Amino acid sequence: AQSVTQLDSQVPVFEEAPVELRCNYSSSVSVYLFWYVQYPNQGLQLLLKYLSGSTLVKGINGFEAEFNKSQTSFHLRKPSVHISDTAEYFCAVRKSYNTDKLIFGTGTRLQVFP
Amino acid sequence: NAGVTQTPKFQVLKTGQSMTLQCAQDMNHNSMYWYRQDPGMGLRLIYYSASEGTTDKGEVPNGYNVSRLNKREFSLRLESAAPSQTSVYFCASCGAGVAETQYFGPGTRLLVL
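Chains A and B, in that order, are what the protein sequence lines are. So the number in the working numbering is just where the residue sits in the first sequence, counting from 1, plus 1154. So the number in the working numbering is just where the residue sits in the second sequence, counting from 1, plus 257.
Looking at chain A on its own, in the form it has when it is part of the complex (with noise of 0.2 Å):
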């Protein structure tokens, strides 16, 4: 079974400073992995993920993620946050190569200070 950990439930961080957002996953199959927001009193909407090829991957509104195998990683990163930034972020995985259900991470609040 999959699982993922996100250790960080909140992060306070003041505006146009970099941020990074932990996520970890443990499968005994490969995955894909994804990072969706959650603005307040609405749905998730996909910010990116990971399927194959480039361990870098490119979301938007600026973030980036990068899969790391050997540590079993998926951190999310911005170089420069916005207030408009402020929101929650879940990590989620899926086993690779079909289309079982997400697992999710309990998320981290991104609080964003002018």
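For the record, the hints were derived by calculation from the structure and aren't laboratory data. Fair warning: this is a prediction, and the values are worked out from it, not measured in the lab. There could be a bad hint or two in this list.
What the hints assert, rightly or not - If you anchor each label on the Cβ, the simulated ranges turn out as follows: (1) A:Arg1231 to B:Ser337: 43 to 51 Å; (2) B:Ser337 to A:Ile1214: 40 to 48 Å; (3) B:Gly354 to A:Ile1214: 18 to 26 Å.
Built from N, CA and C at the ideal position, the CB exists for glycine as well.
Dock chain B against chain A, hints included.
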């Protein structure tokens, strides 16, 4: 394209009442899912349907039933609501390809008194 729609947006129930949460998607997706979101617990899968006519239990199915009415619609029923079912419920759908991602509805906020 409306994507994934959910009704109602908000609902207050008394313990023991029943209700059905509705979900519909217009993307011709095969798979549909129901999640609940609770503080500090992320999203947990309640039930899912890999195709029309099939449903399977997820991580937290107790107290819920589902119906995949047709390819577009997937409903979630609470037969006898309990305060522990106070949560935000999300429906999602996904296409058939292995590289497909899940698309989420806006959620239903349910309070059980």
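Status of the hints after comparison with the structure:
1. Between Arg1231 (chain A) and Ser337 (chain B) the beta carbons are some 46 Å apart, a value that agrees with the proposed interval 43 to 51 Å.
2. For Ser337 (chain B) and Ile1214 (chain A), the hinted distance range of 40 to 48 Å is satisfied, since their beta carbons lie about 42 Å from each other.
3. Roughly 20 Å separates the CB atoms of Gly354 (chain B) and Ile1214 (chain A), a value that falls within the hinted 18 to 26 Å.
Hint compliance for this structure: no hint is broken.
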